[in-house]
Amino acid sequence: MVFSNNPNCGAIKFAEENSIPIFIINAARYPNAHTRDEFLLETCLKAEIDLICLAGFMKMLPQNIVKQYEYRILNIHPGLLPEFGGKGFYGTRVHEAVINTGKRESGATVHFVDEIYDHGPIILQKKVEVMETDTPESLAARVLKLEHELFPEVVKAFCENKIIMENNKPKILEYNEN
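Mapping of the sequence shown onto full-length UniProt numbering: residues 1 to 178, in sequence order.
The set of hints was computed from the structure by calculation and includes no laboratory data. Among the hints, erroneous ones may be present.
[What the hints assert, rightly or not] Here are the simulated lysine to any residue pairs, SDA-like style, with alpha carbons at most 20 Å apart: (1) Lys171 <-> Glu132; (2) Lys156 <-> Cys53; (3) Lys59 <-> Asn18; (4) Lys103 <-> Ala141; (5) Lys127 <-> Asp114; (6) Lys171 <-> Ile52; (7) Lys145 <-> Ile99; (8) Lys171 <-> Arg29; (9) Lys126 <-> Glu105; (10) Lys67 <-> Gly91; (11) Lys145 <-> Glu129; (12) Lys103 <-> Glu132; (13) Lys126 <-> Leu146; (14) Lys59 <-> Lys127; (15) Lys156 <-> Leu144; (16) Lys127 <-> Glu137; (17) Lys103 <-> Arg142; (18) Lys156 <-> Lys59; (19) Lys59 <-> Tyr71; (20) Lys103 <-> Arg72; (21) Lys67 <-> Glu132; (22) Lys59 <-> Arg72; (23) Lys127 <-> Gly91; (24) Lys59 <-> Asn8; (25) Lys127 <-> Leu81; (26) Lys59 <-> His34.
Whenever a hint applies, use it, and build me the whole structure from the sequences.
Structure below.
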């Protein structure tokens, strides 16, 4: 199923084309946050959800869901965490910050979600070089390509039970970086 706070996101079109249930969760439909949060949790529990994947989801997940699905919520972030993450670090803001600080590398990060923006345990990161001629938009395009490679790899590893916790850190079993 697909939950989105944006009725125009690309995942909605994909879901429609593939007969996947869609739920638009925004303030217009759910002005009461508690009611919205309870609806989300009840819907996930009823559907027996095993994994929640966040891609372009700009809202903090309700605490009841984060607790219920500990180590079962993945987020993809368009930057190298922890340095370029947290509240307000999304989209071109991340890439502007990377360029403005003179970093020579950027990348994408998949991490487990916890109660703090972009804070949960990092599962996997991939890097790209920051070019002298990069703009936030050109860097974003290269990082997005990485995100499209990285996220499916981690989701696949999760579904194959190849992500384990070792000393409170996620590890992918049999992972080959090539």
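For each hint, the structure was consulted:
With a C-alpha separation of about 34 Å, the suggested pairing of Lys171 with Glu132 is violated against the 20 Å cut-off. Distance restraint check for Lys156 and Cys53: the Cα-Cα separation of roughly 12 Å lies within the 20 Å cut-off, and the hinted pair is therefore satisfied. For the suggested pair Lys59 and Asn18, the alpha carbons sit about 25 Å apart, so the restraint of at most 20 Å is broken. A threshold of 20 Å between alpha carbons decides the hint, and for Lys103 with Ala141 the separation of about 17 Å falls inside it, so the pair holds.
Taking the CA atoms of Lys127 and Asp114, the gap is near 23 Å; set against the 20 Å cutoff, the hint is violated. Proximity of Lys171 to Ile52 is assessed by CA-CA distance (about 18 Å); at most 20 Å being required, the pair is judged to hold. The suggested pairing of Lys145 with Ile99 holds, with an alpha-carbon distance near 18 Å, which does not exceed 20 Å. A hinted pair counts as satisfied when its Cα atoms are at most 20 Å apart, and Lys171 with Arg29 does not qualify at roughly 39 Å.
For the proposed pair Lys126 and Glu105, the alpha carbon gap of about 10 Å is at most 20 Å, so the pair holds. A C-alpha spacing of about 27 Å is found between Lys67 and Gly91, which places the hinted pair above 20 Å, so the restraint is violated. For the proposed pair Lys145 and Glu129, the alpha carbon gap of about 13 Å is at most 20 Å, so the pair holds. Distance check on the hinted pair: Lys103 and Glu132 sit about 10 Å apart at the alpha-carbon level, within 20 Å; holds.
Proximity of Lys126 to Leu146 is assessed by CA-CA distance (about 7 Å); at most 20 Å being required, the pair is judged to hold. Annotation: proposed proximity of Lys59 to Lys127 is violated, straight-line Cα distance about 25 Å (limit 20 Å). For the proposed pair Lys156 and Leu144, the alpha carbon gap of about 19 Å is at most 20 Å, so the pair holds. The suggested pairing of Lys127 with Glu137 holds, with an alpha-carbon distance near 16 Å, which does not exceed 20 Å.
A threshold of 20 Å between alpha carbons decides the hint, and for Lys103 with Arg142 the separation of about 15 Å falls inside it, so the pair holds. Our distance criterion of 20 Å between C-alpha atoms is broken by Lys156 and Lys59, whose separation comes to about 25 Å. With a CA separation close to 18 Å, the supplied pair Lys59 and Tyr71 stays within the 20 Å bound. Annotation: proposed proximity of Lys103 to Arg72 is violated, straight-line Cα distance about 32 Å (limit 20 Å).
The suggested pairing of Lys67 with Glu132 is violated, with an alpha-carbon distance near 43 Å, which exceeds 20 Å. Between the alpha carbons of Lys59 and Arg72 the distance comes to roughly 17 Å, so the proposed pair stays at or under 20 Å and holds. Only pairs whose Cα atoms come within 20 Å are accepted, and Lys127 paired with Gly91 is accepted, the gap being roughly 17 Å. Distance hint between Lys59 and Asn8 is fulfilled; the C-alpha atoms sit about 16 Å from each other, no more than 20 Å.
Taking the CA atoms of Lys127 and Leu81, the gap is near 11 Å; set against the 20 Å cutoff, the hint holds. For the hint linking Lys59 to His34, the alpha-carbon distance of about 15 Å falls within 20 Å, and the restraint holds.
The structure shown violates the earlier hints numbered 1, 3, 5, 8, 10, 14, 18, 20 and 21.
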